[in-house]
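**Student:** Single-letter residue listing:
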Amino acid sequence: MSLLFRTAAVLLAATFGMAPLKADSLEVHVGYVQWVPDQGPVLSNVIPEPEDAGLKGAELGLQDNSTTGKFLGQTYTLKSTVADSEAEAIAAIEQLRKSGIELFVVNAPEQTLKSMIAKAGADTLLFNAGSKADGLRTTECNANLLHTMPSYAMLTDALAQWLNQRRWDEIFMITGPTDDDKDWANAFRRSAKRFGLEIIEDKPWTFDADLRRTASKELPLFTQASDYDAVVVADVRGDFGEYVPFNTWLPRPVVGTQGMSPVTWHRVVESWGAAQLQNRFRDLAGRDMNGEDYAAWAAIRSIGTAVTSLGSAEPADVRRFLFSDTFQLAAFKGRKLTYRNWNGQLRQPIPLVHPRGLVARAPFEGFLHPHTEMDTLGFDKPESKCRING
Amino acid sequence: MMSLFKHTALAAMIGLSTPAFASLAYVSNEKDDTLSIIDTESMEVIDTIEVGARPRGILLSKDHTKLYICASDDDTVQVLDLATRKIVDTLPSGEDPEQFALHPNNRHLYISNEDDAIVTVVDVSNKDVLAQIDVGIEPEGMAVSPDGKWAVNTSETTSMLHWINTETFEIEKNIVVGQRPRHVEFTKDSKIAWASAEIGGTVHIIDVDNLEQIHEMSFKVPGVNQDRVQPVGIELTDDGKYAFVALGPSNHVAVVDAQTYEVLDYLLVGSRVWQLVLDKDQKHLYTTNGVSGDVSVIDVEDLKVIKSIKVGRYPWGVVIDPSS
Numbered sequence: 001m002s003l004l005f006r007t008a009a010v011l012l013a014a015t016f017g018m019a020p021l022k023a024d025s026l027e028v029h030v031g032y033v034q035w036v037p038d039q040g041p042v043l044s045n046v047i048p049e050p051e052d053a054g055l056k057g058a059e060l061g062l063q064d065n066s067t068t069g070k071f072l073g074q075t076y077t078l079k080s081t082v083a084d085s086e087a088e089a090i091a092a093i094e095q096l097r098k099s100g101i102e103l104f105v106v107n108a109p110e111q112t113l114k115s116m117i118a119k120a121g122a123d124t125l126l127f128n129a130g131s132k133a134d135g136l137r138t139t140e141c142n143a144n145l146l147h148t149m150p151s152y153a154m155l156t157d158a159l160a161q162w163l164n165q166r167r168w169d170e171i172f173m174i175t176g177p178t179d180d181d182k183d184w185a186n187a188f189r190r191s192a193k194r195f196g197l198e199i200i201e202d203k204p205w206t207f208d209a210d211l212r213r214t215a216s217k218e219l220p221l222f223t224q225a226s227d228y229d230a231v232v233v234a235d236v237r238g239d240f241g242e243y244v245p246f247n248t249w250l251p252r253p254v255v256g257t258q259g260m261s262p263v264t265w266h267r268v269v270e271s272w273g274a275a276q277l278q279n280r281f282r283d284l285a286g287r288d289m290n291g292e293d294y295a296a297w298a299a300i301r302s303i304g305t306a307v308t309s310l311g312s313a314e315p316a317d318v319r320r321f322l323f324s325d326t327f328q329l330a331a332f333k334g335r336k337l338t339y340r341n342w343n344g345q346l347r348q349p350i351p352l353v354h355p356r357g358l359v360a361r362a363p364f365e366g367f368l369h370p371h372t373e374m375d376t377l378g379f380d381k382p383e384s385k386c387r388i389n390g
Numbered sequence: 001m002m003s004l005f006k007h008t009a010l011a012a013m014i015g016l017s018t019p020a021f022a023s024l025a026y027v028s029n030e031k032d033d034t035l036s037i038i039d040t041e042s043m044e045v046i047d048t049i050e051v052g053a054r055p056r057g058i059l060l061s062k063d064h065t066k067l068y069i070c071a072s073d074d075d076t077v078q079v080l081d082l083a084t085r086k087i088v089d090t091l092p093s094g095e096d097p098e099q100f101a102l103h104p105n106n107r108h109l110y111i112s113n114e115d116d117a118i119v120t121v122v123d124v125s126n127k128d129v130l131a132q133i134d135v136g137i138e139p140e141g142m143a144v145s146p147d148g149k150w151a152v153n154t155s156e157t158t159s160m161l162h163w164i165n166t167e168t169f170e171i172e173k174n175i176v177v178g179q180r181p182r183h184v185e186f187t188k189d190s191k192i193a194w195a196s197a198e199i200g201g202t203v204h205i206i207d208v209d210n211l212e213q214i215h216e217m218s219f220k221v222p223g224v225n226q227d228r229v230q231p232v233g234i235e236l237t238d239d240g241k242y243a244f245v246a247l248g249p250s251n252h253v254a255v256v257d258a259q260t261y262e263v264l265d266y267l268l269v270g271s272r273v274w275q276l277v278l279d280k281d282q283k284h285l286y287t288t289n290g291v292s293g294d295v296s297v298i299d300v301e302d303l304k305v306i307k308s309i310k311v312g313r314y315p316w317g318v319v320i321d322p323s324s
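Order-wise, the sequence lines are chains P and G. Heads up, the first sequence is in our numbering, so the first residue is 1 and it goes up one at a time. Heads up, the second sequence is in our numbering, so the first residue is 1 and it goes up one at a time.
There could be a bad hint or two in this list.
Here are the simulated lysine-lysine pairs, DSBU-like style, with alpha carbons at most 30 Å apart [as the list claims (entries may be wrong)]: (1) Lys381(P) x Lys220(G); (2) Lys173(G) x Lys70(P); (3) Lys310(G) x Lys70(P); (4) Lys220(G) x Lys149(G); (5) Lys381(P) x Lys114(P); (6) Lys220(G) x Lys310(G); (7) Lys188(G) x Lys149(G); (8) Lys86(G) x Lys66(G); (9) Lys31(G) x Lys70(P); (10) Lys66(G) x Lys307(G); (11) Lys66(G) x Lys220(G); (12) Lys127(G) x Lys31(G).
Covered stretches of chain G (chain P as the covering partner; in silico rule of three or more C-beta atoms under 8 Å from a C-beta of chain P) [said to hold, decoys possible]: (13) 207-216; (14) 304-312.
Simulated from the structure, these hints should not be mistaken for laboratory data. A virtual CB, placed ideally from N, CA and C, is assigned to each residue, including glycine.
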């Protein structure tokens, strides 16, 4: 009897001895909020954008984190909101914050994102997985905001580098009417100057005809000029741009937001193990992975990589780790990805794709940089006012 | 005295009468769905045979009669009879097999199923699936220690080495290493394991008795951006002198002193060097170069690249049959 009792006591002690192990287990809660304003009617409405673009990427990132976490006693949960209005999106951040969430991934326009940062408060960490606005990387700096979505400047620098190395340096440019189109076009004008391209024509798109019927008549006249090497289209929402290729006055390639495009991610990216990521995503979402999905995935994987290494999910710890020399994100782009310490932008190669194939991947060899070639894409430290790490 | 002489003479004669058979190297061409067969004497491709879709990992049975091929996109492991060069069988492999390793018992095949986050163990003698073990995301590298005690799997996105007990088929230890671990190679005595981390740019040296990392090394190839230095395949010489590490898109193979872990040299090979294998007498090292579609041959004594052999598109794995 006494022996049995003693054994039980030993067992009990052993169980208590295990207790510190339990304390090692960690629950990581991440909030995902998406609000994508309606783009309005477009002429080329053949291939609609998926409504869960971004959300599914976040879900995949969470799955990836959880698989890793299960070997380390770390569990991850995702609380996500796909809002129907800006107000709803901002309210969602407030609610998530109240429920104790401190890590957020946001897919929303620039202005909405700014309101969200204010609501989230200082002791949080937000990942911008939606807005490509250059202002967020150059002047409107936030210490607790990281960007996994590339900026417009990164995309257009990738395109301009490519045009430069092809020696196609005389550009005919067409810009759509929306603010996004103008932002994209401004980014390209800057890139053109950086990489020695000459914009010989810079025309706004003013037509409102249905080009499905008249593209072949209107566009050759619209693109008349003595000579140019390529046509660059700035049509972010995909209104008229799809009708430019093969309808230009001169037999020239069309690049930009249509034709061959610089993108965050695309289904044709398959090297560097990307085929596996694409397969995993297709299994989960039943469609191909796009740039919004990739940016959300990269944000959640950044969190996961930090937590795996730190055993902590405190925003300040995670932030410190993400800017440290030890952080590197394996993200299927052939390079380790890191965050720029002045503005929190995730450095990343940019694929240049056409709808059925990969053309090239920027940065290109020969565009030199004192620290890393990847900083030839987007706003480099001297060009940005941001100093979010002092 | 006389009798001894006679014996020696006899032995010498037998030695002479053995024809100088060169051993054959087999290379899997991922984007051609073929194997290239290289005669290691002439260092030329002597045959190309069609196999399943997207062949990646390949390995030799312990009796050197069969070659196992991961046909990734066919979701199967094919068995090639080396005498006839015909596919004679397939094994259940789980989805998307990429790499595998055969236990010294010549029966238990450990296969990493990249899309399913599983390691499948198949008994090749009767095709029984003995176990499916949950591992991290994108299991890739597989190795079984020469003493047969451990099977190690690397999971690329989880960045871990999973140590599987080969008696129980259970994971006993997870070691977090650099980002995207790709390959594990054991020393002959099973005491040390070398593991490469592609994106981390590191090689981790693990003490197998304690299952702890004892050293971590990184590489600096002169004139090459650090991001492009991506360790993948590892090959160790039996004499314990060298470790060779394929450094991916840096297009170099690092020569490492296997005792001090000091990098001795970097050798320029083809584009995106992936896997490595030593030939039978360990005089030459063969490397698969994915992007340039060729195999480089390195002279181990001189540490010089002496030849490049054109094979199919995206050569991935390479093995040499020492008995052929």
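**Student:** I'd like to know which numbered hints this structure contradicts. Please list them from smallest to largest.
**Tutor:** 3, 4, 9, 11, 13, 14
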